[in-house]
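**Q** One letter stands for each residue in the lines below.
Number of protein chains: 6
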Amino acid sequence: MEDQWLKSLITKTPQEGFELAITLSRKGVRYTQPDPEVLKKLRPEYANDPEKLTAASHVIAVNFQTIAAANNYWK
Amino acid sequence: MEDQWLKSLITKTPQEGFELAITLSRKGVRYTQPDPEVLKKLRPEYANDPEKLTAASHVIAVNFQTIAAANNYWK
Amino acid sequence: MEDQWLKSLITKTPQEGFELAITLSRKGVRYTQPDPEVLKKLRPEYANDPEKLTAASHVIAVNFQTIAAANNYWK
Amino acid sequence: MEDQWLKSLITKTPQEGFELAITLSRKGVRYTQPDPEVLKKLRPEYANDPEKLTAASHVIAVNFQTIAAANNYWK
Amino acid sequence: MEDQWLKSLITKTPQEGFELAITLSRKGVRYTQPDPEVLKKLRPEYANDPEKLTAASHVIAVNFQTIAAANNYWK
Amino acid sequence: MEDQWLKSLITKTPQEGFELAITLSRKGVRYTQPDPEVLKKLRPEYANDPEKLTAASHVIAVNFQTIAAANNYWK
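Chains as they are written, first to last, in numbering that gives the first Met the number 0: chain A, 0 to 74; chain B, 0 to 74; chain C, 0 to 74; chain D, 0 to 74; chain E, 0 to 74; chain F, 0 to 74.
These are computed hints drawn from the structure, not numbers from a lab. This one's a predicted model, so the numbers in the text were calculated from it and none came from an experiment. Wrong hints could be hidden among the right ones.
Any copy will do: because identical chains look the same in the list, a pair fits if it lies in one copy or spans two.
[Said to hold, decoys possible] Calculated pairs, DSS-like style, for lysine-lysine (alpha carbon to alpha carbon, straight line, at most 30 angstroms):
| no. | residue 1 | residue 2 |
| --- | --- | --- |
| 1 | LYS74 | LYS51 |
| 2 | LYS40 | LYS74 |
| 3 | LYS6 | LYS39 |
| 4 | LYS74 | LYS6 |
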């Protein structure tokens, strides 16, 4: 269904790891709602509601836990 | 009650692991609401609401933690 | 208060582990609302609401993390 | 402020561990609302709402992760 | 911005660890809303709503996971 | 898209680790809503709602888990 988009959890820096966590979080949404037009339409509702923004940050935090562990915390 | 659908948490690639996380997340719903007709009817309500899409992505993130650990982060 | 219902976290297969995660999630509800009549009455409201179904799947995912770790991911 | 109520995370069985997770979850509430009269009054509202029951089960699941790890999963 | 309030995650007992988890949870709120007058005004709304009390207990549970791991579960 | 803002998860003290967890939580919001004017406008709504404050504290707690593990709990 999907092209290859996730080859590895390893990143060079913690910041790239955080950005990969954002990608995973968005992919979790896109697998459920694959239509880019719908997603674009939902965006303003989404990006202007503090509750939804916090919820987005929460999902990123969970994915960042996974990626940080995969990278042995870049130590 | 259910056929065998989960034989292993091991996947060849991180992306297949992510897709297995999606399967687990959906199975968690289906064990609670097994009627496919009901699930189909609920889908539009679900896939057009940013809050619910983020919640779905959150569950996937939790299941992906489990699968990534099982695969030793594909290292 | 309760009979013995949880003897071990060890299961033969990942799928049985997932089903045990469902049991734990339901038990968490039943310890708070032990009346089976009330629970039966709440069920339709519960099983037809995408938000509540996702929340149920989330709790299962958290319990599955515990059970998967207990079983060393069935490796 | 509080008497000693938590001496150890170690339990004899997984089920006692699950019941300790329930105790921790309730204590988390009681530290925020210590008045038993208020808590009793809130209980019916709480125990008859599927969303709140699932949220309670979620907190129990998180505390059970901690207790299960403390007990090395009773292996 | 803040005085030193967190010197160590190590506590003598699990109960002190749980109480430190409560402190961390409250600090997470105070960094976002530092005005004590506002916080005092919000308290009644907060402490009389079962949903919000469960949410508070959830945050405590997450912080307690961290502290329990830091203390090697007081074993 | 973003300047370098996250060089390391290592901090000198637990408190600096907690403050880094706050930074990560806010960055998770800012990647979704990068417009500082919008964020400023949303702030009062955010900082005066107990539910949203608890949700913010929850995200901080998840990020603090990651940072505390990265620092081996400052032991």
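**Q** With reference to the structure, classify each hint as holding or not holding.
**A** So, going through the hints one by one against the coordinates:
1. LYS74 - LYS51: Neither: 33 angstroms inside a copy, 34 angstroms across copies.
2. LYS40 - LYS74: neither (41 angstroms within a copy, 38 angstroms between copies)
3. LYS6 - LYS39: within (26 angstroms within a copy, 32 angstroms between copies)
4. LYS74 - LYS6: both (22 angstroms within a copy, 11 angstroms between copies)
Comparing the model with each earlier hint shows violations of hints 1 and 2; every other hint is respected.
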